[in-house]
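Protein chains in written order, with my numbering: chain A, 1 to 380; chain B, 381 to 652; chain C, 653 to 973.
Since the hints were derived computationally from the structure, they do not count as laboratory data.
Honestly, I wouldn't trust all of these hints.
Capping the alpha-carbon separation at 30 Å, the derived lysine-lysine pairs in BS3-like fashion look like this [what the hints assert, rightly or not]: (1) A:LYS305 x A:LYS338; (2) A:LYS338 x A:LYS310; (3) A:LYS126 x B:LYS554; (4) A:LYS172 x B:LYS554; (5) A:LYS141 x A:LYS120; (6) A:LYS147 x B:LYS554; (7) B:LYS636 x A:LYS147; (8) A:LYS141 x A:LYS172; (9) B:LYS636 x A:LYS149.
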Amino acid sequence: MKSLGSIRRSFAPWSDPAAKPYISFENVTKRFGDFTAVNNLSLTVYEREFFALLGASGCGKSTLLRMLAGFDDPTAGRILLDGQDLRGIPPYRRPVNMMFQSYALFPHMTVEANIAFGLKQEGMPKGEIATRVAEMLRLVKLEQFAKRKPHQLSGGQRQRVALARSVAKRPKVLLLDEPLGALDKKLREETQFELMDLQQNLGLTFIVVTHDQEEAMTMADRIAILDKGEVMQVATPAEVYEAPSSRFVAGFVGNVNMFEGTVTDLSGGAASIRSAAGLDIMAHNAGAASAGNPVAFAIRPEKIKVSSRKPAASDINVAEGEIYDIAYLGDMTVYHVKLADGQVVKASSLNASRVTEDPLSWNDRAWISFSPDAGVVLTR
Amino acid sequence: MNSTWSRFNITSIVLGFAFLYLPIVLLVIFSFNESKLVTVWAGFSTKWYVSLFSNRGLIDAAWVTIRVGLISATVATVLGTFAALTLTRYTRFRGRVLFSGMVFAPLVMPEVITGLSLLLLFVAVGLDRGFVTVTLAHITFSMCFVAVVVQSRLLTFDRSLEEAAMDLGAPPVKTFFQITLPVILPAIISGWMLAFTLSLDDLVIASFTSGPGATTLPMKIYSQVRLGVTPEINAACTILIGIVAVGVIAASVVNKRREVQRLRDEQAALRN
Amino acid sequence: MSDTAIAASQTGNGNASPSARALNAVKSRIVIIVPYLWLLVFFLIPFVIVFKISLSQSAISMPPYTPALDFSGGLSGILQQLSQLSFDSYLWLTQDALYFNAYVSSLTIAGVSTVLTLLVGYPIAYGMARAPATLRPTLLMLVILPFWTSFLIRVYAWIGILKPEGLLNQFLQGIGLINEPLIIMNTNTAIYIGIVYSYLPFMILPLYSALEKMDYSLIEAAQDLGCTPLSAFWKVTFPLSIPGVIAGCLLVFIPAVGEFVIPDLLGGSQTLMIGRTLWNEFFNNRDWPVASAVAIILLLLLVVPIMIFQHTQARAQEQDR
Chain A
1 MKSLGSIRRS
11 FAPWSDPAAK
21 PYISFENVTK
31 RFGDFTAVNN
41 LSLTVYEREF
51 FALLGASGCG
61 KSTLLRMLAG
71 FDDPTAGRIL
81 LDGQDLRGIP
91 PYRRPVNMMF
101 QSYALFPHMT
111 VEANIAFGLK
121 QEGMPKGEIA
131 TRVAEMLRLV
141 KLEQFAKRKP
151 HQLSGGQRQR
161 VALARSVAKR
171 PKVLLLDEPL
181 GALDKKLREE
191 TQFELMDLQQ
201 NLGLTFIVVT
211 HDQEEAMTMA
221 DRIAILDKGE
231 VMQVATPAEV
241 YEAPSSRFVA
251 GFVGNVNMFE
261 GTVTDLSGGA
271 ASIRSAAGLD
281 IMAHNAGAAS
291 AGNPVAFAIR
301 PEKIKVSSRK
311 PAASDINVAE
321 GEIYDIAYLG
331 DMTVYHVKLA
341 DGQVVKASSL
351 NASRVTEDPL
361 SWNDRAWISF
371 SPDAGVVLTR
Chain B
381 MNSTWSRFNI
391 TSIVLGFAFL
401 YLPIVLLVIF
411 SFNESKLVTV
421 WAGFSTKWYV
431 SLFSNRGLID
441 AAWVTIRVGL
451 ISATVATVLG
461 TFAALTLTRY
471 TRFRGRVLFS
481 GMVFAPLVMP
491 EVITGLSLLL
501 LFVAVGLDRG
511 FVTVTLAHIT
521 FSMCFVAVVV
531 QSRLLTFDRS
541 LEEAAMDLGA
551 PPVKTFFQIT
561 LPVILPAIIS
571 GWMLAFTLSL
581 DDLVIASFTS
591 GPGATTLPMK
601 IYSQVRLGVT
611 PEINAACTIL
621 IGIVAVGVIA
631 ASVVNKRREV
641 QRLRDEQAAL
651 RN
Chain C
653 MSDTAIAASQ
663 TGNGNASPSA
673 RALNAVKSRI
683 VIIVPYLWLL
693 VFFLIPFVIV
703 FKISLSQSAI
713 SMPPYTPALD
723 FSGGLSGILQ
733 QLSQLSFDSY
743 LWLTQDALYF
753 NAYVSSLTIA
763 GVSTVLTLLV
773 GYPIAYGMAR
783 APATLRPTLL
793 MLVILPFWTS
803 FLIRVYAWIG
813 ILKPEGLLNQ
823 FLQGIGLINE
833 PLIIMNTNTA
843 IYIGIVYSYL
853 PFMILPLYSA
863 LEKMDYSLIE
873 AAQDLGCTPL
883 SAFWKVTFPL
893 SIPGVIAGCL
903 LVFIPAVGEF
913 VIPDLLGGSQ
923 TLMIGRTLWN
933 EFFNNRDWPV
943 ASAVAIILLL
953 LLVVPIMIFQ
963 HTQARAQEQD
973 R
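One chain only, chain A, in its complex shape (with noise of 0.2 Å):
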């Protein structure tokens, strides 16, 4: 995993001002009577890229992808890919392929049919089916299972056929809904590494629609997050998490501790806040802060330090409270401190040795304590 992770670093053409984008869209609306299932988003996407649709059920992140696969035409606005206009095109002409959900693996159909399926609407000659389907058995190693029926498959072998069937015809680009939803949590931590494997060696375009934060973070280039038919932020997963560009973001990706309060003063790019409860607060990056406006700090629990002596330093980023409940996870432990106002706050820290030198239990008074770079400030 080592040399695709410095692949992956030098994959960035999001930050390069040249770059053509190969997906994009362009103000699209899709209502469906009264409900706005997408409102007014526009999204690019580059060649190559492995890209994540994150989002809650009803986000309108399907919507997006069956109207790039033509199963939705848009109310308004336009999909373009490699800069032709999608508008009018019926699914069966667009060169890319879809997998679904439920897999759709047509159940008359032995596993070699149901992947040769599409090649075949293509007029390929058989000789190349043959061989195209035997490549595809042997990438996701199902060459022993060709003749069997899709009901006489596990799951997880389903969602191998669905993927090997969907990428047979080696579209342009490949949409999954929800790919490993179906599959229990060990299957589906393997096979995300299979499906970024599968991706670099086939230099394809990857569009994975997910409710799943940890499968975005951990195969995506980047991640669009949405909520209500709309683009919340575009980022990489290492921004998403340490830069939210809202509340929304940095409540739905992963744990944080919200801070509301107003900006005080503003030097030299750095925030002081005050927060409702009467916390000051540092702030090396200020982000789009402006002093005297309402504004939230966020930081994550593991970026929260715990002691049960007050540290040295001032009062600025510092908390008293009362050790409220402890969450003991093994590789970590999750401290839920209650400060002086009633808010909670979660901290945790790792457990890198066996014993801990500053035993913390329940209701004892503790401190929390975090740098000024720690946290972000968000304005919306």
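Here the structure of chain A is known, so what remains is to put chains B and C in place on it, guided by the hints.
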């Protein structure tokens, strides 16, 4: 479950099935009765079967019935499948309420009304009553039953199968014939069998819409029954029951085998 | 919701002429058009004709009525004919108590038989639903099997049993239970037996599917909370099976009201049922206008309420989803 309850259950099942089957069993037994009196046993004989096979009227009627049944079931299956597709796939078109009303109404329509109205239509357009009119009538009422059977299958049909086929490059018509049709085929076949049975079974509508030369078996049996019960009719009934029983049992054995195989496959799939 | 039809019309319309496009639209709609036209011609128009004839005067000719509403005369012709419409057939239905009695007795007989079928069918369906799982498919097949054999034959089979010198009387006299033969044949009792017997599978199937679906742990929970088996049945099992009860009762009641074969073969000459009255009016009295009026009334009394009921039920179900 305690034992008194299950004893009660067994008793009600045994009595219930006795009620369902005893009349049929008695009918079959008395088809082998030597005596002309259906209800007095006078020894075993197959003479009624012999006389049955020399009864031209009954044999002709049987032929008419089978031909009407085959033609009407086949046409009704096509029309009923179309109707089912319309009902499930086209949720909006002008006159949809009327259409679904016309599909479901014949299911609850007393046969006498259906028969009467069709007859009056045939008289109004001057179509002579006979083979054609019975067949048309049977198509009309059995297509609605086919539509219901196929519709209930289509409602559980996973539309993403069709989307997947189109996504892989199959145009709609091809998708229908390569994916939709094969998947719903079992329902279409049971629709056909239902239509065929309804046609074979129908007395009332056939009586209204049939004419000279197109007497169906139920009409023939009915007219003979009205004249009195004869062992010959028992013999005819026994043959019909035999055919149906063999057919249904064979079908269910095949089904059962397939089901067992399927379960075994699924278990095997889970193991590897 | 990409419609196959819409997609189909998109396939070949790149630069097709308008007429070709229209043809394409027709082709893609053939699935609607063919059954629609068929049902219009063979289902709806016949009812218009029945309605029309019910407003005609009967005549001794072939066909035995003078036509009403001849549309060839244009609008003025129709208006003129409207004044000549004859409601004689409907008047006749109200004047002769025979018809009213036939309607009432059809509904009564169907109602009583439905209740009887429920009483007979419920224990069987319950027993089946509680049978070992391996046995259930076989039991189910045994219930369906008689349905595939001819209805006429099953009714016919009862004649030999119920006749005064029939098997039932022979048996009862044989064991010395009765001295005189019971007169069942040609009475309403025979009709009840015939209907219960013929429609029993229609009652058992929906009941069975309602009872079989039910989670047995519900009854265990009820008993755990202090119900006796009997009160658990009345408080849990039966209420949960009510959808099956309603479906089964409708499936029996509806065809029973218009039943012809059973009253004709098993019932006596004094048994009035509307299906039989219509048949007699048509075939024996050859009074087509009155037969048509009987049909129209039956339609209004029976079919229309059922259609409305089913429509609202389907609506409610859709909303539940």
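- Non-conforming hints, listed in increasing numerical order: none
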